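Take these sequences, add in the hints, and give me the full structure.
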Amino acid sequence: MTSPVPEPQSVAFGQEIEYRAALREAIRQEMRADPRVILIGEEVGRYGGAYGVSKGLLEEFGEARVLDTPISEAAIVGTAIGAAMTGLRPIAELMYVDFAYLAMDQIANQAAKIRYMFGGQIGVPMVLRATMGTGRSSGAQHSQSLEALFWHTPGLRVALPATVSDAYFLLRQAIHSPDPVVFLEHKALYASKGVLQDQAPPMGVAVSRRPGQHLTLVTYSRQLHHCLQAADELAAEGIEAEVLDLRTLNPLDLETLAQSVRRTGRALIVTEDTLTAGASAELSALIQEACFDYLEEPILRLSGEDIPIPVSPPLEAGSVPSPDRIARAARRLLRRRG
Amino acid sequence: MTSPVPEPQSVAFGQEIEYRAALREAIRQEMRADPRVILIGEEVGRYGGAYGVSKGLLEEFGEARVLDTPISEAAIVGTAIGAAMTGLRPIAELMYVDFAYLAMDQIANQAAKIRYMFGGQIGVPMVLRATMGTGRSSGAQHSQSLEALFWHTPGLRVALPATVSDAYFLLRQAIHSPDPVVFLEHKALYASKGVLQDQAPPMGVAVSRRPGQHLTLVTYSRQLHHCLQAADELAAEGIEAEVLDLRTLNPLDLETLAQSVRRTGRALIVTEDTLTAGASAELSALIQEACFDYLEEPILRLSGEDIPIPVSPPLEAGSVPSPDRIARAARRLLRRRG
Amino acid sequence: MSETIPVATRLELLRTMIRIRAFEERVGELFLRGETAGSMLHLSVGEEGAAAGIALAMQPGDTFTTHHRGHGIFVARGGDTQRMMAEIAGKITGYCRGKGGSMHIADMSLGHLGANAIVGGGIPAVVGAGLASKTLGQGSVSVAFFGDGAMQQGICFESMNLAALWKLPVVFAAINNQYGMGTRIDRASATLDFAGRARGFGLEAVEVDATQPERVWIAASALIERARAGQGAGFIVANGYRFYGHARKDKSPYRDPAEEAEGRKRDPILNQKNLLIGEGLLTETEYEAFWQAANLEMDAAESFAKQSEWPGLSTMFEDVYDPSSPPPVPVEERLNRVLGGAL
Amino acid sequence: MSETIPVATRLELLRTMIRIRAFEERVGELFLRGETAGSMLHLSVGEEGAAAGIALAMQPGDTFTTHHRGHGIFVARGGDTQRMMAEIAGKITGYCRGKGGSMHIADMSLGHLGANAIVGGGIPAVVGAGLASKTLGQGSVSVAFFGDGAMQQGICFESMNLAALWKLPVVFAAINNQYGMGTRIDRASATLDFAGRARGFGLEAVEVDATQPERVWIAASALIERARAGQGAGFIVANGYRFYGHARKDKSPYRDPAEEAEGRKRDPILNQKNLLIGEGLLTETEYEAFWQAANLEMDAAESFAKQSEWPGLSTMFEDVYDPSSPPPVPVEERLNRVLGGAL
Ligand SMILES: Cc1ncc(C[n+]2csc(CCOP(=O)(O)OP(=O)(O)O)c2C)c(N)n1
Ligand SMILES: Cc1ncc(C[n+]2csc(CCOP(=O)(O)OP(=O)(O)O)c2C)c(N)n1
Ligand SMILES: [Mg+2]
Ligand SMILES: [Mg+2]
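First to last, the sequence lines map onto chains A, B, C and D. Each step along the first sequence adds one to the number in UniProt numbering, with nothing skipped, and position 229 is 229. Each step along the second sequence adds one to the number in UniProt numbering, with nothing skipped, and position 189 is 189. Each step along the third sequence adds one to the number in UniProt numbering, with nothing skipped, and position 287 is 287. Each step along the fourth sequence adds one to the number in UniProt numbering, with nothing skipped, and position 279 is 279.
Source of the hints: derived by calculation from the structure; they are not laboratory data. Just so you know, these numbers come straight off a predicted model, no measurement behind them. Among the clues, some could well be false.
[As the list claims (entries may be wrong)] Straight-line distance between alpha carbons at most 25 Å, and here's what the computed DMTMM-like set of lysine to aspartate or glutamate pairs gives:
(1) B:LYS55 - B:GLU16
(2) C:LYS251 - A:ASP198
(3) C:LYS167 - D:ASP193
[What the hints assert, rightly or not] Sample of chain D residues with no beta-carbon within 12 Å of chain C, all distances over it, derived:
(4) LEU32
(5) MET108
(6) ASN161
(7) GLN178
(8) ASP186
(9) ARG264
(10) GLY280
(11) GLN307
(12) PRO326
(13) VAL329
Just so it is clear, CB atoms sit at the ideal spot from N, CA and C, and this is done for glycine as well.
Here it is as C-alpha cells:
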C-alpha cells in the first residue's frame, strides 16, 4: 500500500473538472505538502468514498494516512479530535451529514469547545467533511441540510462550496484552519463541472456571482445554481438580480451582504435547509439589523419545507427551492409596490 | 417498591409552590391517571432526579414505572421511542440538555421523523425532559440552551415553561401530546416559587405577562423573569413594555406575537441561547415578515453571546441577558428617533 | 431448547426464502430500469436463511425493527409485497405513502416498527418495545435485525446492556454478511466473536450458519421463547454472504473474486432444497411450483406498483404531526402572507 | 510483565496519594465555604490508588484524558496544584483562565488533553492521540481515565474497538468506585466483568484492586509498555470505593451505611502506609512529613487561588477561535451597530 514518491503533479488550473475531482485534488495537494494530513472515515479508502471523492488516495498515501473505519461516527470524530490535538491534521468524513447527529457530542460539546474550555491552550485543527442535501431521493435520514446546527455552535467554522473552484480552494483553506471546519458538500454537485480557477478568496468572503440592481439573491451551495438560473430567467424580463454566494457561514461576510441589500433594497434568501430556525432565519435577522432603513420590501425566505425529506421523487423535488420558485418569488418581490 | 393505592390527593391549586414541585405534581397526576405513563432516565428514581423533581415518585409508582437507567443517553431516548410506539407514554429525562447531543440521532433522525417516514402509521407520544441554561457555573457542557436545534427539527414540539403554572400544565399537556415534545426546564427556575393556578392555556398559545404600548419584549423560560424585572424598571421611567411569554416554540403563537408588535412597532427579543442561528433569529425573521409595515425600529435581539458558556461566575453571568441589559436595550430602542 | 422442527415449518422456510429472493430480484430489476424511487437499493439475496429462520421463529404480535437491507425480513414476517413494492417505487399506495421508500418500510399491524437508514438506528426501539411488553403484559418479544456493521455502533451496546439488565423480552439479531459496504468485517471489528462480545453485555448469545435456515430457526426459537419466558434477552449472529454488491449497482470491486464465488456457493435456498429433497419431503416439481407462485406474486406486486399513482404534492405536508393539529405552513403560503401584507 | 517495583516508586505512590487527598480535602473545604466556582465538585477521595498507580506508570510525553472526577489523576501526572486550585476557583490564573473549572482542567505541556464533563466524552480523543503517536512515531502512549459509569456509554466501545483494531498505543482505565452518581453498578450494568467486556473488543484486559496501589502500578505498567511496544491496546479496571458523595454536598442517602463503613476501610493510603512500614521502608515520622509537605503545598495553592483575580469580562470573547482571527462580536456591539445605523 505504500507508494513511490509522488510525481510533482500540478492541478488542472484553467480546465473543466468535476466538483468531486476538485475536492480530491485539494486533499491530494495537502497530503503531499504536509505529512500530518490524514483522511479518516467510512469507505474513504478501498471504496474511494461513497461519492468517489477519495478515489486513488489510498493507493498514493497508504493505509497509515487514508484510514477506512468501522461504522462508528462518534468515534471517528473523537479520534480526529484527539489526533488534531496531538500533531495530526485530520480530515474526517461523515458519509452523510445526517450522521452528524450520531457524533454531535464530539462535534458540538468537544471539538467546538475545547479551545475555549481549556482557556486557549490548544485548538482542534480538523476538517469534518460531509455530504448534504436532496437530489437523489435518499429519504429523511440521508438528505438533510444541517448547516444551521453547526452555525449555531460557537467554535465551528462552516463552509458550503458551490463551485468547483471553491470545492478546491475552500477545502485547502479548511485544512489549514487552526479551528475545526465543518465542510458540507452537496450531493447534487459532485458530478457538476466547472473551470478550476487558479485562485479563490479566503473563507469569510462572499462572492457576487452575478451583478444586479433590483434585488439580492442570498444563497450558498447548490441553491447558488438555482439562483443563477432564476436570475437568467428574470433578466429576460428586465429584472436584474444580484446573486450573492456566501461560501462560508462562519466566518460570514456580513459587509458584502449588507452592502448589496442596501443597494437593491430587496433581499430573497434561498437555502435548502428546513425553514424554521434554519440558516435563512439568521440571514434574515442579520439583513434586517444591518439594512433596516434601506429595505423597500420585506426580506423573504425561500427554504426547505418544514417537513422531513420524503423519498418519492415528486415530493422530494417539491420540498426545496427550485429555479422556477425562486424566479416567481423574486417577481412578486418587485411587483408588490410597482 | 410497590406502593399502596395512592391517596386521591389533589394538587395545591391556589397555593405557592416551587417550579420543581409543580413538575413533580404534573408527573404524579398523569401517572396516577394513566398506567401507561412511565418515567425513565438517569437518577430519576432513588436519587429523585438531579434537581429533585422526581422525589417520591419511585416510592409511589415502583420500579416498573420509574426507571433508573445506566448512563446511556442514546439508548434512553431510543427506548422511550420504542415504548411510545408500542403502548406506553414515556417521559424520558436527560439530566442536562447538553447531553441531547449524545442522543441526537434518536431525537432528530428517529423520534421526530418516524410518523412521517412511515406515512402516518404511528406517532411517538413521548416527552423528553431536560435541564437547560446558565446560573450555576456548570460550564460549557452543562449550561447550554439548545431549543433552536429542536425547533429546527420538523416533528418535534418544544415547550419552555417559565412559571409554576406552566411547569404543571404544559407538562401535563406534553404527556398527552400525540407527538414528541422536548420539554426544557431552566435550572435557575427549579427553586423559584409561584402560585399554581387552576388552569393554563394549551401549548401554542402565547401569554402576555404584562401589558404595554411602547415596545414588545418577546421571550420565554427564565428570561421572562428578567424581562418582567426590566419592564418594572422601565415603567418607572414611563416606558410601558408588553412582555410576551411564548411558552412553546412549536407550536408557535405567531398571531399574538404579530399583533403585539404591530401595535407597539418595536420588538426586543430576549433569549438565553447563543445568538447566531438561535431561536431569536427565527423570531426576528418571523416578526419582520409579519410586521414589516408596522415597524418603527429595527427588531433587536438580546441573546447569549456567541461563545461556549464559561465557568467563572462573572463571565457566566455576563454572557447572557440580564434585567439591566434588557432595560438598557429597551431604552435605546425607544430613544433612537425620539 | 427445542431441537425438533415441524415439517410444515421446514417447507415454509424454503417457500419464504424463495419469495424473498423473487422479491429482491424483481425490485433489483425495477431499480436498474429506473422504476424505483431513490438512488439506493440494498438487496438481501444470499441472506434469506437468516431472515426466514429468525422471522418464522417469531409469533404473531411480536414486534421488530430492521435495517437498510430489510425487505426479506418483512416478507418473511408477512409483509404485503404489493404495498412493499409500491413503497419502493415511491407511490401513494405504498406502506408509507411513498415517503419512506426502500429503507423505511414499516407496518404497525404486523409489528414492524420500521426499517432504518441509520446503521444501528432501529436497535434501541426494541428495548422500548420489550419494556412495553413487560410493563403491560403483552406477552410479545421484540427483535432487532441489523447487519454486522452495526456491531461497531455504540447504540448497539447501550441497548444490549439495557435489555439484559432489565431482563426484557428482546432478541438482537445480527445478520453477518461479512461486509459493511466495502469493508470486510476483519477490517472493521477488532474481534470476530460477536457472540462473545454480546455475552459481555449479559446476553444469552449464539452463533449460527445463516445458510442453514433450520439451524437458524432452532437457535432463534430457543432465544425468543427464553426471552418471552422472562429469562433474559438474547443475541443471535447469523453468518452468511452478500451475493450482490452493497447497493444494487455496486459491483464489489473490493471483494476477492474467489471469495465471492465461494460465498455464492453457500446458498441457503439450495441448501434447504437439497435437505428436503434428500429427506423425501420435497420434489423438484414442488420446488418449481414455489418459484412459480413467487414469480406470479411478484408480477402482481410489480403491476400494482406501476399502476399506482405518485403521491400528490400536498401530501408532503401530511404526517409530520398527528392529524389533530394543523400541518406545517408551506413556504409558498408564507410568502403569500408576507407579500399580501396579511399575517 | 514486570512484577518488581522500585522502592522509590513505592514511596512516590504513597506521597502522591497523600498529595491527592490533601488537594481534594482542601478544595472540598473551599467548596463548602463557597470559594470555588460552580455548583459541582467531584472528589476522588478513596480512589487515589487508581490515580497514582496508573499515572505513575506513565512516562513523560504520554498523554491522557480524564473525567469529571479527575483532579487526582492530574496531581499524580505533575499538575501544578496552584493553577489547578485557581481554576477550580474560577480565577484568571487557573489552567484554563477560569473558563473550565473543576471539570475541564487541561495542560498540554504535561500531556493532559483535558478533563471532561460528559461521561465518556473524553474517551475517543485517546484513540486519536494514539493514532498520532503511531503515525508520527512519537513513542507515547495515551490513556483514557473514566469511571464505571462510562462503561455503559456507546462511545466507550466504539473507541475500544478502534484502538484494538489499529493496535494503537492506547490504554483505557476504568476507575470503578461502585457507583455512578446514586446508581450502584449492578443496577447500571448487566454484567460486572468489565475486563471480559473489554476483551470482547479485542483489548488486553486486567482487573485490579485500586486500594492496593502497587498492584495497580504493576498491572498498568505492563499494559502501557505493551501498548507502547505496538503489541496492542489495553484495558484496566481498578476497583475501589468513593468515600464521599457524588458531588461534595451529596450525602449518599442511596448507599447502605454498612457498605459505606466497609468501603471506607479500604483506604489505599493506609494500605500503602502499612505495607511500607511493615517492610521497614517508611517510619511514622516520614509518613507525617509527607502529610505536612502536602498540607503546606495546599496552603500555598489555596492562597494563590484566593489572591488571584477574576477574569475580566472581555476575556469572555477570547479563546473561541485561534487568535489569528477576530473574536465573536459581543451582543452589545451588535446593538450599537443596529441602533447607530452603522453596519
Ligand atoms: C450511521 C450510518 N453510518 C453509515 C451509513 C452508510 N451505510 C449504509 S449501509 C452501510 C454498511 C452497513 O453494513 P452492515 O451493517 O454490515 O449491513 P449490510 O449492508 O452488510 O447488510 C453503511 C456504512 C449509514 N446508513 N448509517
Ligand atoms: C453524558 C453524561 N451523562 C450524565 C452525566 C451526569 N453525571 C455526571 S457524573 C455521573 C456519574 C458518573 O459515574 P462514573 O462514570 O462511575 O464516575 P464517578 O462519578 O463514579 O467517578 C453522571 C450520571 C454527565 N455528566 N454526562
Ligand atoms: Mg454486513
Ligand atoms: Mg463510578
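Hints, verified against the model:
1. About 19 Å separates the Cα atoms of LYS55 (chain B) and GLU16 (chain B), which keeps this hinted pair within 25 Å; it holds.
2. Distance check on the hinted pair: LYS251 (chain C) and ASP198 (chain A) sit about 37 Å apart at the alpha-carbon level, beyond 25 Å; violated.
3. Proximity of LYS167 (chain C) to ASP193 (chain D) is assessed by CA-CA distance (about 18 Å); at most 25 Å being required, the pair is judged to hold.
4. Chain C leaves LEU32 (chain D) outside its interface by the beta-carbon criterion, the shortest separation being 36 Å against a cut-off of 12 Å.
5. Every beta carbon of chain C lies more than 12 Å from that of MET108 (chain D), the smallest distance being close to 28 Å; the non-interface claim holds.
6. For ASN161 (chain D), the requirement that its beta carbon stay farther than 12 Å from each beta carbon of chain C is not met, with the minimum near 5 Å.
7. No beta-carbon of chain C is positioned within 12 Å of the beta-carbon of GLN178 (chain D); the least distance is around 16 Å.
8. For ASP186 (chain D), the non-interface assignment is contradicted: its Cβ lies about 9 Å from the closest Cβ of chain C, within the 12 Å cut-off.
9. The Cβ of ARG264 (chain D) lies farther than 12 Å from every Cβ of chain C, with a closest approach of about 28 Å, so its non-interface assignment holds.
10. With a minimum CB-CB distance of about 44 Å to chain C, GLY280 (chain D) clears the 12 Å threshold, and the non-interface call stands.
11. Consistency note on GLN307 (chain D): stated as away from chain C, and its beta-carbon is indeed over 12 Å from all of that chain's, at 45 Å minimum.
12. With a cut of 12 Å on Cβ distances, PRO326 (chain D) stays outside the contact zone with chain C, its closest approach being about 34 Å.
13. At roughly 28 Å from the closest C-beta of chain C, the C-beta of VAL329 (chain D) stays outside 12 Å, upholding its exclusion from the interface.
Hint check: violations occur at hints 2, 6, 8; the rest are consistent with the structure.
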